[in-house]
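Keeping their order, the protein sequence lines are chains P and G.
Counting from 17, one number per residue, gives the positions in the first sequence under our numbering.
Counting from 123, one number per residue, gives the positions in the second sequence under our numbering.
Think of the hints as simulated: they come from the structure by calculation, not from any bench.
Don't take each hint at face value.
[Claimed, not checked] Sample of chain G residues facing chain P (criterion: CB under 10 Å; computed from the structure): (1) S127; (2) E136; (3) V149; (4) F172; (5) I176.
[Unchecked claim] Some residues of chain P that are not near chain G, with every Cβ distance over 12 Å (derived): (6) F19; (7) S21; (8) E23; (9) V54; (10) P55; (11) A68; (12) T71; (13) L85; (14) R88; (15) Q90; (16) P91; (17) G109; (18) A113; (19) T148; (20) V149; (21) E153.
C-beta atoms are modelled at their ideal positions from N, C-alpha and C, and glycine is treated no differently.
So you can see what is in the structure, the chains are spelled out below.
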Amino acid sequence: MRFLSEEDRRVLSERFERELTSPVRVVLFSEPVSGLYVPGRRTCVSCRETEALMTEVAELSDSIRLEILNVREQPDVAAEWEASLTPAIAVCGEDDAGVRFLGLPAGYEFFSFVETLASAAAGDGHGLLPETVEKLEALDQDLDIKVFSTPT
Amino acid sequence: MALVSGRVRSTSIEAHEFSELAGHYDVYAVPKIIVNDHWQFTGALPEPQFVDTILEAVRGAEPEVSSGEATPLSGGSPA
């Protein structure tokens, strides 16, 4: 099954061609879904779908570097990225920027995901108002922002 | 915002898939924003108000926007 229609692929390819002027890393923390129920272990609801969707997206641009990590095999790396829940997606330039998506980025979240790819490629706060960038540069404390949403 | 500042981490969470997390943070409506595991507000805001609501909350000032007032999680959250 494909997530993206021909039209989606065309529109996204054009957008990526225009906006992804530098490489973007998409690091997906996933785990194999065996179909076996293991007591006490959370089953990944959408790992398979998220892997498929990310693979489809990555196919659309040479600037997108998709890395898929199995958190069962590489728990140390997952812990380092604070991404032990699956599926988790990190979007960044070369180094971790602290951006995560937990769960399949479907529906409206997919647009946020695409926006984030474009912002990461721009590397200069692309899309944010100048006054926002100014306020962020003046931050004297760490901010951890969690946004809960549902696919609509 | 996280891409611009090394001090900002941003996590977008699918509330259905991570219902335990959503329950932990009293998520009844979306979008729900949690700041530093303490401040919360519900509803999308235009960028300037979004930024100001967050900054004013963590600085301990009363948020000025009426549409998106951030309140402490533990202090009786609005429904």
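Taking the hints in turn, this is what the structure says about them:
no.	hint	in the structure
1	S127	4 Å, holds
2	E136	3 Å, holds
3	V149	5 Å, holds
4	F172	9 Å, holds
5	I176	7 Å, holds
6	F19	15 Å, holds
7	S21	22 Å, holds
8	E23	25 Å, holds
9	V54	17 Å, holds
10	P55	16 Å, holds
11	A68	16 Å, holds
12	T71	19 Å, holds
13	L85	17 Å, holds
14	R88	18 Å, holds
15	Q90	20 Å, holds
16	P91	19 Å, holds
17	G109	8 Å, violated
18	A113	5 Å, violated
19	T148	5 Å, violated
20	V149	6 Å, violated
21	E153	7 Å, violated
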